[in-house]
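A.B. asks: Residue numbers (numbering that gives the first Met the number 0), protein chains in the order written: chain A, 0 to 357; chain B, 0 to 390; chain C, 0 to 332.
Because the hints were derived from the structure by calculation, they are not lab data. Some hints here could point you the wrong way.
Said to hold, decoys possible - Covered stretches of chain C, as calculated for chain B (at least 3 residues, CB under 8 Å):
hint: 1; stretch: 96-110
hint: 2; stretch: 126-138
hint: 3; stretch: 299-305
Said to hold, decoys possible - Just a few of them, taken from the derived set where beta-carbon distance is under 7 Å, the chain C residues facing chain B:
hint: 4; residue: THR18
hint: 5; residue: THR119
hint: 6; residue: ALA192
hint: 7; residue: ARG217
hint: 8; residue: VAL220
hint: 9; residue: LEU242
hint: 10; residue: LEU271
hint: 11; residue: SER273
hint: 12; residue: CYS275
As the list claims (entries may be wrong) - Per label pair, the in silico range of CB-to-CB distance:
hint: 13; chain 1: B; residue 1: GLY358; chain 2: A; residue 2: GLU2; range: 44 to 50 Å
hint: 14; chain 1: C; residue 1: PRO90; chain 2: A; residue 2: GLU148; range: 18 to 24 Å
hint: 15; chain 1: B; residue 1: GLY24; chain 2: C; residue 2: ASP79; range: 37 to 43 Å
A virtual CB, placed ideally from N, CA and C, is assigned to each residue, including glycine.
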Amino acid sequence: MREVAIVSSAIHQVEALTFTTDVQLMVPLINEARDAVGLTQADIGFTCSGSSDFLAGQGFSFVQTLDAVGAFPPIAESHVEMDGAFALYEAWVKLQIGEIDTALVYSYGKSSPGSRRDVLAVQLDPYAVAPLWPDAHAVAALQARLLLESGAVTAEDLAAIAVRSQRNAVGNPNALRASADVTVDDVLAGGVVADPLRAADLAAEADGGCAVVLAAGDRARELCERPAWIRGIDHRIDAHGLGVRDLTRAPSAALAAGKAAERAGFAANDVDVAELHAASTAQAHVLATEMGLGGTGGSVRIDPSGGSLAADTLMAAGLVRIAEAARRVSGGEAHRALAHASSGPCLQQNLVCLLEGE
Amino acid sequence: MTVGTLGERTAVLGVGQTKYQSTRGDVSIAGLVREAAIRALEDAACTWADIDAVVIGKAPDFFEGLMMPELFLADALGCVGKPILRVHTAGSVGGSTALVAASLIQGRIHRRVLTIGFEKQSESNATWALSLPQPFSVSINAGAGGYFSPIIRRYMARSGAPELIGCMVAFKDRQHALRNPYAHLHQPDLTFDQVVEAPMLWDPIRFSETCPSSDGACAMVLGDEAAGDAADGPVAWVHGTAMRSEANNFPGRDEVSPQASRDAAAEVFAKAGITDPRSEIDVVEMYVPFSWYEPMWLESLGFAERDQGWRMVEDGSTNLDGGDLPVNCSGGVLSSNPIGASGMIRFAEAALQVRGMAGDHQVDGARRAFGHAYGGGAQYFAMWVVGADKP
Amino acid sequence: MDPAPLRADLVIEYPFTRTTGPVVGAFMTGLRDGRIVGSRRADGRVFVPPAEVDPETGDAITDIVEVASTGVVETWTWVDPPRPGSPWAQPHGLALIRLDGADTPMLHGVLVDSAADMATGLRVEAVWRDERVGHITDLVGFAPETADGAAGEAAAAEEPVSGEPVRSIRTPIRLEYDFIPSAAAQEYLHAYAEKRILGNRSPVDGAVFVPPRGVDPRHGVEATEMVDLAHTGHVGNFCVTHLPIPGRSDLPTPYVSAWIHLDGADIGFLGLVSGCDLDEVRIGMRVRAVWKPDDELGATAENVRYWEPTGEPDVPVDRAGNRAWQGEDGDHA
Numbered sequence: 000m001r002e003v004a005i006v007s008s009a010i011h012q013v014e015a016l017t018f019t020t021d022v023q024l025m026v027p028l029i030n031e032a033r034d035a036v037g038l039t040q041a042d043i044g045f046t047c048s049g050s051s052d053f054l055a056g057q058g059f060s061f062v063q064t065l066d067a068v069g070a071f072p073p074i075a076e077s078h079v080e081m082d083g084a085f086a087l088y089e090a091w092v093k094l095q096i097g098e099i100d101t102a103l104v105y106s107y108g109k110s111s112p113g114s115r116r117d118v119l120a121v122q123l124d125p126y127a128v129a130p131l132w133p134d135a136h137a138v139a140a141l142q143a144r145l146l147l148e149s150g151a152v153t154a155e156d157l158a159a160i161a162v163r164s165q166r167n168a169v170g171n172p173n174a175l176r177a178s179a180d181v182t183v184d185d186v187l188a189g190g191v192v193a194d195p196l197r198a199a200d201l202a203a204e205a206d207g208g209c210a211v212v213l214a215a216g217d218r219a220r221e222l223c224e225r226p227a228w229i230r231g232i233d234h235r236i237d238a239h240g241l242g243v244r245d246l247t248r249a250p251s252a253a254l255a256a257g258k259a260a261e262r263a264g265f266a267a268n269d270v271d272v273a274e275l276h277a278a279s280t281a282q283a284h285v286l287a288t289e290m291g292l293g294g295t296g297g298s299v300r301i302d303p304s305g306g307s308l309a310a311d312t313l314m315a316a317g318l319v320r321i322a323e324a325a326r327r328v329s330g331g332e333a334h335r336a337l338a339h340a341s342s343g344p345c346l347q348q349n350l351v352c353l354l355e356g357e
Numbered sequence: 000m001t002v003g004t005l006g007e008r009t010a011v012l013g014v015g016q017t018k019y020q021s022t023r024g025d026v027s028i029a030g031l032v033r034e035a036a037i038r039a040l041e042d043a044a045c046t047w048a049d050i051d052a053v054v055i056g057k058a059p060d061f062f063e064g065l066m067m068p069e070l071f072l073a074d075a076l077g078c079v080g081k082p083i084l085r086v087h088t089a090g091s092v093g094g095s096t097a098l099v100a101a102s103l104i105q106g107r108i109h110r111r112v113l114t115i116g117f118e119k120q121s122e123s124n125a126t127w128a129l130s131l132p133q134p135f136s137v138s139i140n141a142g143a144g145g146y147f148s149p150i151i152r153r154y155m156a157r158s159g160a161p162e163l164i165g166c167m168v169a170f171k172d173r174q175h176a177l178r179n180p181y182a183h184l185h186q187p188d189l190t191f192d193q194v195v196e197a198p199m200l201w202d203p204i205r206f207s208e209t210c211p212s213s214d215g216a217c218a219m220v221l222g223d224e225a226a227g228d229a230a231d232g233p234v235a236w237v238h239g240t241a242m243r244s245e246a247n248n249f250p251g252r253d254e255v256s257p258q259a260s261r262d263a264a265a266e267v268f269a270k271a272g273i274t275d276p277r278s279e280i281d282v283v284e285m286y287v288p289f290s291w292y293e294p295m296w297l298e299s300l301g302f303a304e305r306d307q308g309w310r311m312v313e314d315g316s317t318n319l320d321g322g323d324l325p326v327n328c329s330g331g332v333l334s335s336n337p338i339g340a341s342g343m344i345r346f347a348e349a350a351l352q353v354r355g356m357a358g359d360h361q362v363d364g365a366r367r368a369f370g371h372a373y374g375g376g377a378q379y380f381a382m383w384v385v386g387a388d389k390p
Numbered sequence: 000m001d002p003a004p005l006r007a008d009l010v011i012e013y014p015f016t017r018t019t020g021p022v023v024g025a026f027m028t029g030l031r032d033g034r035i036v037g038s039r040r041a042d043g044r045v046f047v048p049p050a051e052v053d054p055e056t057g058d059a060i061t062d063i064v065e066v067a068s069t070g071v072v073e074t075w076t077w078v079d080p081p082r083p084g085s086p087w088a089q090p091h092g093l094a095l096i097r098l099d100g101a102d103t104p105m106l107h108g109v110l111v112d113s114a115a116d117m118a119t120g121l122r123v124e125a126v127w128r129d130e131r132v133g134h135i136t137d138l139v140g141f142a143p144e145t146a147d148g149a150a151g152e153a154a155a156a157e158e159p160v161s162g163e164p165v166r167s168i169r170t171p172i173r174l175e176y177d178f179i180p181s182a183a184a185q186e187y188l189h190a191y192a193e194k195r196i197l198g199n200r201s202p203v204d205g206a207v208f209v210p211p212r213g214v215d216p217r218h219g220v221e222a223t224e225m226v227d228l229a230h231t232g233h234v235g236n237f238c239v240t241h242l243p244i245p246g247r248s249d250l251p252t253p254y255v256s257a258w259i260h261l262d263g264a265d266i267g268f269l270g271l272v273s274g275c276d277l278d279e280v281r282i283g284m285r286v287r288a289v290w291k292p293d294d295e296l297g298a299t300a301e302n303v304r305y306w307e308p309t310g311e312p313d314v315p316v317d318r319a320g321n322r323a324w325q326g327e328d329g330d331h332a
């Protein structure tokens with residue numbers, strides 16, 4: 000297997016990008032990621048992006064965003080209608096073949112113009128479920144109640160996860176929800192948004208984007224002093240129906256973590272930090288359990304950036320987790336990191352990326 | 000560009016298609032994709048359990064009003080516990096989906112990958128889905144034809160091609176379609192005069208020179224070298240792949256023969272060790288949704304000299320019967336167009352040809368075939384060369 | 000003083016028609032007939048709603064079995080206010096309900112007055128719509144089980160609406176978006192209200208794009224400099240369309256849409272050509288804007304009703320429009 004590393008990244012997340020188009024958002028981010036390693040688009044071997052037409056209310060919306068890349072002379076490029084983490088996976092695969100040495104990955108999501116929680120209902124079974132318009136908060140709430148009533152967690156445990164996220168997010172310019180002194184009581188005092196979830200239990204919805212440059216082998220070492228090597232990366236999916244699987248579990252997360260660990264040669268929880276892509280505190284708990292991350296008392300520092308709970312950019316949050324984890328490794332703060340991305344209702348699909356410094 | 004393809008040798012073990020028609024009223028979305036997938040599995044002598052990963056592609060989700068359908072379809076595609084990716088590159092998506100699937104084999108990530116493209120566009124309306132309202136924009140473009148017809152006009156003026164070349168392509172492809180049981184348009188009584196006399200839609204494109212709107216799915220099972228060697232029946236080997244994208248509507252852009260098309264063709268032929276495509280390729284499946292794109296792509300891809308592609312149409316070179324470079328023996332996009340699948344159908348038909356499994360539209364002795372797809376404002380290109388022999 | 004930002008409602012709406020196939024069709028037929036059915040796997044596991052495919056093996060499941068219209072809430076939440084497009088007009092419970100006889104719970108609404116009335120373990124019974132068509136909303140929802148299960152049984156006692164199986168359902172989708180043009184687009188649209196057409200100059204080589212895109216797409220760099228463009232130019236290319244456009248009944252067919260290359264701009268944009276016979280339109284024809292009356296101007300490109308010939312000598316064809324299509328021999332790889 001070819002060594003591939005993340006050598007640079009650019010992130011931007013805010014509450015709402017009202018007067019900024021997807022293109023205007025991505026031009027500085029893509030340029031920042033390339034400039035950080037002195038690459039022009041002509042130096043990039045493959046480009047891959049992730050986005051969703053449903054956020055824009057426009058079919059083929061990703062076509063316009065190609066303007067941000069500078070796609071002339073023509074480039075080798077592809078796109079997934081998925082979170083950018085999966086675009087990164089596709090680029091990693093391309094690098095494995097050996098024909099190219101660098102790749103640019105980007106993704107973005109501007110969900111503020113629409114009602115994100117309702118748009119996501121259109122992901123669900125189009126015959127028996129979507130016509131009821133179960134919104135994303137309600138779906139997350141169904142899962143959270145199952146978790147609480149199983150006895151695996153209490154409301155205080157979930158609030159502690161919210162607190163951890165907000166405290167970690169302090170100082171992160173890309174976090175929407177940060178507080179150095181928020182407490183469990185503060186969280187519990189917040190209004191219930193989708194019973195039993197309170198506002199702080201649900202990820203803070205953000206608009207934004209992320210760009211990442213990957214490089215292989217010695218090329219990575221040339222471009223970056225401390226590349227964040229992708230030692231293992233894998234993704235798996237569970238059954239779709241909400242009633243068909245146990246929503247207190249995410250077997251595909253455990254499976255992806257295990258497969259990534261096989262390639263990496265170290266356990267998924269043998270890491271210093273982990274960045275989780277969870278839509279709720281309940282999901283964060285499920286993920287930590289599935290991947291053996293030991294909850295708030297364990298040795299793995301979870302969501303040092305605040306995680307997606309602090310800022311969740313639809314279609315980019317997973318790529319942002321990978322970028323944030325890579326920054327911890329490249330910055331010397333962590334030797335090994337786990338980055339997780341999810342897609343679909345209640346953690347149906349999960350990607351795990353294990354990173355390590357030199 | 001490197002000559003030869005790095006990575007694991009990749010084989011097409013099986014192909015499955017649905018009958019393409021305007022409405023598949025007998026199936027759900029899952030039923031439609033499974034029909035093609037199961038046929039591909041059977042052709043590949045595989046079961047669901049043999050598949051390591053699935054790569055699915057389709058056009059914008061607004062066509063079916065189902066966001067990220069890979070989530071809903073995971074169960075239907077035997078994918079629980081497996082990886083699934085969903086590709087979206089506009090009209091070229093069927094082709095780029097196949098390329099992403101191939102890369103999973105080439106990169107030695109997986110041993111057998113199921114790839115599928117589909118569209119059940121009868122659930123909405125293709126014209127509606129292709130032209131969603133855009134506030135503050137002036138809407139005067141009625142469909143894709145309105146975008147491509149000026150480009151065709153340029154080609155006609157520059158090349159001096161006779162006016163009826165487009166009609167010849169349309170007639171040829173509908174004749175070919177009669178020999179493909181899966182094709183949507185089966186018009187046994189169609190005459191050339193009827194093609195010429197059809198109503199003009201976007202001058203010079205007549206109704207008879209445009210693609211239909213179809214429901215359908217197309218699937219392939221791709222395997223690594225060991226899987227290809229172990230197959231009982233014939234396989235198609237991937238000799239080269241290429242993808243290119245370019246920006247749209249900028250000064251100096253060649254819209255008749257976009258540079259992305261030329262660059263991708265150059266790369267795929269170099270990888271396949273082909274220096275004279277006209278003589279070394281035996282059969283072509285290219286993405287022609289409007290008739291005139293056959294001569295235009297023939298030139299852009301290097302099968303014909305500039306301004307000469309139309310002669311190959313006129314003298315019958317691209318005809319299944321008697322032509323030395325048959326194009327779209329399946330009937331092409333002009334005869335069947337489930338948008339998300341059309342690119343993959345081109346790639347799959349190329350594979351069927353070199354496996355000798357194209358039935359009544361088989362080109363005798365075809366050993367190397369070219370599959371092509373494009374999308375957007377002619378901005379996205381995906382291509383592959385497949386052969387009967389291992390590269 | 001800055002004008003108020005432009006915004007518009009963008010509504011994406013379509014009455015999708017979904018054909019069901021036999022398994023989903025059986026579920027919908029059952030609903031029309033006041034019954035709930037599931038699919039049963041070989042090992043006896045009953046999926047409700049019916050699963051077409053066994054998630055564990057990928058094999059088809061075709062066996063259809065009826066389950067009760069009563070069951071138990073396995074998890075729930077409260078939806079207040081009800082979501083747009085949903086079948087409920089009042090706040091309601093939303094729950095996974097495992098019907099008696101089913102092994103998997105189905106999602107539906109629970110008709111109680113408040114969240115205080117919801118509980119895991121609550122036994123519920125189906126509440127049926129009087130007129131049913133074969134749709135998940137044939138169920139109004141589920142209500143706490145009454146002593147005699149009257150609501151659930153009443154529907155099943157009726158004769159089926161007709162013997163024909165349901166083969167398709169309509170599932171309208173309506174999504175609303177706030178469409179707010181970018182800062183560059185706002186400037187461009189406001190300028191139109193003043194009968195000015197703005198282009199966008201590339202910082203790389205000075206090429207002028209219209210409408211302003213805010214970026215030079217060849218280089219992926221921001222383009223912020225705006226330039227005023229003449230209202231004259233030429234036809235770079237054109238299309239004679241014989242198809243009517245949905246929503247433009249004011250536009251008689253056939254009509255000519257053309258790529259208008261304004262003097263000073265380096266690419267074209269689409270505009271209507273009028274004021275001459277269709278077959279007079281040609282590449283290189285000089286045109287000028289015909290504006291709406293001043294009192295009808297707004298912040299929109301529709302201020303230009305169409306482009307009409309000026310009568311000036313044509314731009315030669317080989318210098319008209321986007322000229323690279325000609326290429327120089329040897330340019331091609």
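A.B. asks: Next step is simple, just say for each hint if it's right about the structure.
C.D. replies: Against the structure, the hints:
no., hint, result
1, 96-110, "violated (count 0)"
2, 126-138, "violated (count 0)"
3, 299-305, "holds (count 3)"
4, THR18, "holds (5 Å)"
5, THR119, "violated (26 Å)"
6, ALA192, "violated (12 Å)"
7, ARG217, "holds (5 Å)"
8, VAL220, "violated (12 Å)"
9, LEU242, "holds (4 Å)"
10, LEU271, "holds (6 Å)"
11, SER273, "violated (11 Å)"
12, CYS275, "violated (16 Å)"
13, B:GLY358 - A:GLU2: 44 to 50 Å, "holds (47 Å)"
14, C:PRO90 - A:GLU148: 18 to 24 Å, "holds (22 Å)"
15, B:GLY24 - C:ASP79: 37 to 43 Å, "holds (39 Å)"
Hint check: violations occur at hints 1, 2, 5, 6, 8, 11, 12; the rest are consistent with the structure.
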